[in-house]
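Just so you know, the sequences run in chain order A, B and C.
Note that the working numbering gives residue 41 to position 41 of the first sequence, counting from 1, and the numbers run on in steps of one.
Note that the working numbering gives residue 123 to position 123 of the second sequence, counting from 1, and the numbers run on in steps of one.
Note that the working numbering gives residue 252 to position 252 of the third sequence, counting from 1, and the numbers run on in steps of one.
These aren't lab readings, by the way, just hints derived from the structure by calculation.
Take these hints with a grain of salt, some might be off.
[Said to hold, decoys possible] Derived DMTMM-like pairs: lysine to aspartate or glutamate, alpha-carbon spacing no greater than 25 Å straight-line:
(1) Lys169(C) with Glu416(B)
(2) Lys144(B) with Asp353(B)
(3) Lys331(C) with Asp393(B)
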Amino acid sequence: MKPKIVSFTLNGRPVDVMVRPMTTLQNVLRRQLELTATKAGCRQGSCGSCTVLVNGEPMAACLLPIEDVEGQEVLTLEGITPLHGLHPIQEAFFENFAVQCGYCTPGMIMVTKALLEREPRPDEATIREALSGNLCRCTGYQAIVQAVTDAADRLHGNGGVS
Amino acid sequence: MTKQLLNVVGQSVHRRDGMGHVTGRTTFVDDIQFRDMLYLKMVRSPVPHARIRGIDFSEAEKVPGFVRALTHRDVPKNIYTILCLIGVGPDEEPVLAEDRVLYKGEQIAAVVAESEEAAVEAASRVVVDLEELPAVFDVEEALKPDAPVLKPWGTNYFIYDYEYGQSNPCRKVRFGDVEKAFAEADYIVEGRYQMSPIEHAPTETTGCVVKPEPDGRYTVYTNTQALFFTLDNSALILNIPFNKLHFVGGTVGGGFGGKVDVIVEPIAILAAMKTGRPVKYVFSREEEMRCSSTRGAWRMYFKDGVMKDGRIIARKVTTYADAGAYNRHTPYAVTKHAANVAGPYSIPNVWIDAYCVYTNRQPGSAMRGFGVTPASFAVEVQMDRIAHTIGMDPWELRFINAYRNGDVRPHRKVVEDATLIETMKAAAQLVGKELPEHLLAMNSWDREGGHHG
Amino acid sequence: MAKHRGVGMAAVNYPTGMNLGGDPSQALIHATTTGTFVITLSSTDLGQGLKTVIAQIGAEALGVPFENVLIDTADTDTGPHCMGTFASRATHRVGNAVIRAAEEARKVMFEVASEELEVAPEDLETDGQGNIRVKGSPEHSINIVDLALAAHFKYGKTISGRGMYIKPKSEVDPDTGAMDPDSTEAHACTVAEVEVDDETGEVKVLSIKSAYEIGRQVNPKLVEGQIQGGSLMGMAHALYETTAPYYPAIDHAPGGFNEYIVPGPQDQPEIESVVLEYPSVNGPFGVKGVGEMTANSPIPAIINAIHDAVGVWITELPATPEKILRALEEKRKEEERGAE
Ligand code: FES
Ligand code: FES
Numbered sequence: 001m002k003p004k005i006v007s008f009t010l011n012g013r014p015v016d017v018m019v020r021p022m023t024t025l026q027n028v029l030r031r032q033l034e035l036t037a038t039k040a041g042c043r044q045g046s047c048g049s050c051t052v053l054v055n056g057e058p059m060a061a062c063l064l065p066i067e068d069v070e071g072q073e074v075l076t077l078e079g080i081t082p083l084h085g086l087h088p089i090q091e092a093f094f095e096n097f098a099v100q101c102g103y104c105t106p107g108m109i110m111v112t113k114a115l116l117e118r119e120p121r122p123d124e125a126t127i128r129e130a131l132s133g134n135l136c137r138c139t140g141y142q143a144i145v146q147a148v149t150d151a152a153d154r155l156h157g158n159g160g161v162s
Numbered sequence: 001m002t003k004q005l006l007n008v009v010g011q012s013v014h015r016r017d018g019m020g021h022v023t024g025r026t027t028f029v030d031d032i033q034f035r036d037m038l039y040l041k042m043v044r045s046p047v048p049h050a051r052i053r054g055i056d057f058s059e060a061e062k063v064p065g066f067v068r069a070l071t072h073r074d075v076p077k078n079i080y081t082i083l084c085l086i087g088v089g090p091d092e093e094p095v096l097a098e099d100r101v102l103y104k105g106e107q108i109a110a111v112v113a114e115s116e117e118a119a120v121e122a123a124s125r126v127v128v129d130l131e132e133l134p135a136v137f138d139v140e141e142a143l144k145p146d147a148p149v150l151k152p153w154g155t156n157y158f159i160y161d162y163e164y165g166q167s168n169p170c171r172k173v174r175f176g177d178v179e180k181a182f183a184e185a186d187y188i189v190e191g192r193y194q195m196s197p198i199e200h201a202p203t204e205t206t207g208c209v210v211k212p213e214p215d216g217r218y219t220v221y222t223n224t225q226a227l228f229f230t231l232d233n234s235a236l237i238l239n240i241p242f243n244k245l246h247f248v249g250g251t252v253g254g255g256f257g258g259k260v261d262v263i264v265e266p267i268a269i270l271a272a273m274k275t276g277r278p279v280k281y282v283f284s285r286e287e288e289m290r291c292s293s294t295r296g297a298w299r300m301y302f303k304d305g306v307m308k309d310g311r312i313i314a315r316k317v318t319t320y321a322d323a324g325a326y327n328r329h330t331p332y333a334v335t336k337h338a339a340n341v342a343g344p345y346s347i348p349n350v351w352i353d354a355y356c357v358y359t360n361r362q363p364g365s366a367m368r369g370f371g372v373t374p375a376s377f378a379v380e381v382q383m384d385r386i387a388h389t390i391g392m393d394p395w396e397l398r399f400i401n402a403y404r405n406g407d408v409r410p411h412r413k414v415v416e417d418a419t420l421i422e423t424m425k426a427a428a429q430l431v432g433k434e435l436p437e438h439l440l441a442m443n444s445w446d447r448e449g450g451h452h453g
Numbered sequence: 001m002a003k004h005r006g007v008g009m010a011a012v013n014y015p016t017g018m019n020l021g022g023d024p025s026q027a028l029i030h031a032t033t034t035g036t037f038v039i040t041l042s043s044t045d046l047g048q049g050l051k052t053v054i055a056q057i058g059a060e061a062l063g064v065p066f067e068n069v070l071i072d073t074a075d076t077d078t079g080p081h082c083m084g085t086f087a088s089r090a091t092h093r094v095g096n097a098v099i100r101a102a103e104e105a106r107k108v109m110f111e112v113a114s115e116e117l118e119v120a121p122e123d124l125e126t127d128g129q130g131n132i133r134v135k136g137s138p139e140h141s142i143n144i145v146d147l148a149l150a151a152h153f154k155y156g157k158t159i160s161g162r163g164m165y166i167k168p169k170s171e172v173d174p175d176t177g178a179m180d181p182d183s184t185e186a187h188a189c190t191v192a193e194v195e196v197d198d199e200t201g202e203v204k205v206l207s208i209k210s211a212y213e214i215g216r217q218v219n220p221k222l223v224e225g226q227i228q229g230g231s232l233m234g235m236a237h238a239l240y241e242t243t244a245p246y247y248p249a250i251d252h253a254p255g256g257f258n259e260y261i262v263p264g265p266q267d268q269p270e271i272e273s274v275v276l277e278y279p280s281v282n283g284p285f286g287v288k289g290v291g292e293m294t295a296n297s298p299i300p301a302i303i304n305a306i307h308d309a310v311g312v313w314i315t316e317l318p319a320t321p322e323k324i325l326r327a328l329e330e331k332r333k334e335e336e337r338g339a340e
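Okay, chain A solo, but in the shape it has when bound (with noise of 0.2 Å):
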């Protein structure tokens, strides 16, 4: 199969890439554009680690093929970094030590952010519900499911909720 020209908007900004048809998101991603902030823990789309958001929806990167994405908006986590600190929900995870490996976290955040953009303060049910594609062998997801409810009051206030 020939190569061909895949255009899309990466991270706000417009790219071309050229790659075999059917290649997928991730491999682009990490390898062709050396974009690593998203991970590679099973290639089989079953561990989350690669999540990346395509119009706002968590997308597996790894089941992805790049042909899919064409004219698209994609996020991946190196998007939502700022330039200076950490968005709210990096600093969620930052400071509720949800966080230990590491591997997992990419993808967790990048489900985080889809998840309290449709639904601004989640019970932890909700919570639990939408990570529920994304496994972390490490944290035992208490500080995780935590994260996420300290980003949401990060990203919209408490809500008069004490």
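Keeping the supplied structure of chain A fixed, place chains B and C with the ligands upon it in accordance with the hints.
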């Protein structure tokens, strides 16, 4: 130790690597790539036990991007054992299989290619001519005389105490006289326990990237848990001076013991040596699950002699660690297991035989709890069974038998920092379990103080 | 046909360090002229937080602020030897090495400060805020940056230290098994509550509550992380995990997270803990170690809770619904036989 005034020890300061992790800027091994880098993929055994009659690379060589293949003939010291560094021998595991494979997934030959896709494709086209042999998967079956023999020394168990001119089939602990105590016991409680083989399943798979340097050295970026341990083993396998190797790591996406093996580095360094180019060898998730080492399975038989008042006066244990096909860390785990399988209890008569058994299974190795996890599982279920048999509260049974400071354990070490009783009291308080006065009066320093009756 | 609740407990010990010893670790410390104390190692952080706790131990032992301590690891060209991160050894071994290195570095710090402040070294102390001051007269002090500059440019001294920790290798007596298999012993006691469905055989763990005695916590939040993660791993070992679902047969070995069940965010029970501190004799600031044992005690506690709930002993892990149903069936048959 008297209470010290401490500044930062005891404080929950934030992780030093936390910012890197939440921004995705931490560099993990698979994030590293170099221009001109090659990918290494393994040709693996599809069966658990076979003789290798031949390997044919001709179809693989036709794959565009194929660079070269490596077999055991390319490995200077192909047969090794990881723990040779601490005097455990003999060497028995091939880096790449020679004339036989002992487990499904065993490394037979390596293929390096210009891209990962080409490496996968080429590896899949290597034809290995195998003559399948009968396999054994059960530890007790493996010890029977008619079992297929897996080791060159003619047994399916590790031989202990070789260095003392002895050849013991197991690690032994002998303390007191169990048979005499069994005769005096009010109850005999027996149990059989089986721990399953478990994968560490770190979210980051095992891997390394090797880069040849202009000065003739090799930089190895790796997620090993033990840099020098891996460096030393790699140099021995490759028969090169230690200082030709430079290992860089320290960032590990979950280890749990699975990244103490030395599997990816030696062969990736060899590939870099042979091609003069950077080489990446990172396990796929499937390789991590099916081929990398596991927490070994373990089978344990307990026989305890118990008095009506709850005192355990004798414990006889025979256990079999399933090392799988090769040593890795299991012989050492068995020794740790033997030191702990009587549990944190003071039992005056203990007899332990702990075997390290080989089967045609993917090798077991180190994992969080190394030899102690199966021991704790078996001991603690056995404790409840004893309590049930003699009609005593399981908490009380443990308080009565808990080791105290000054006691001598079956391996002869005097207990000096026991706090089992205090820990149990704290747990009871946490869950609102009311403990009777005579148990609350007990402590780990004074056996007499508060002893019941 | 119903759901049954049960409670089970387990109490365990966990030995620190490579069992027979002989597992050295080294640390080197030097101060740069910026007032940064660099601790050079070859030790690895698996996610448990080694880089953080070692910086804490280093700062404490040097008497300087945490922010002034930099951990430089893990590179075999620059870092001295470390056996590796396993066997709950890293904080204990590396921490001890760092303390020794810090003692040596502190000696030089005090020598230089003694020249600068014109008092005997014995009359000096660190304030932990970045100053060395005269005991009883805190206004006479020198900042560590000035001290580092003075050491280098004025006195021609390096503020540096070498640290090493090794527990000598012990042998095992082949006949009796006599050996020295640990440096210190940590302890855990777990109480698990479960709900067992006698129709489906499914076990739901409702809570895992534990007490731990680990000598000293260098960083309570990182300890809590080990407890939370380890408890869940232990639960998974008890109920789900195996690479050989038909053990001892090797068929149907899972090839990924679709088949190999690692608990997800929705599987986590309530996990609660308390931590006791009875400092060890030989650990840095009394540390024992916590990394491994958190996964151990939940396993038997859950198996004992299942027995408490439905009266069967599941002695082969994992305790799958199938094994529980078979055991219940067996128990029913036995009860029928008994009734006849
Ligand atoms: S790498 Fe994509 S889901 Fe695991
Ligand atoms: S922090 Fe290690 S997998 Fe989540």
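Query raised in the report: Hint numbers the structure violates, sorted upward?
Result: The structure breaks none of the hints.
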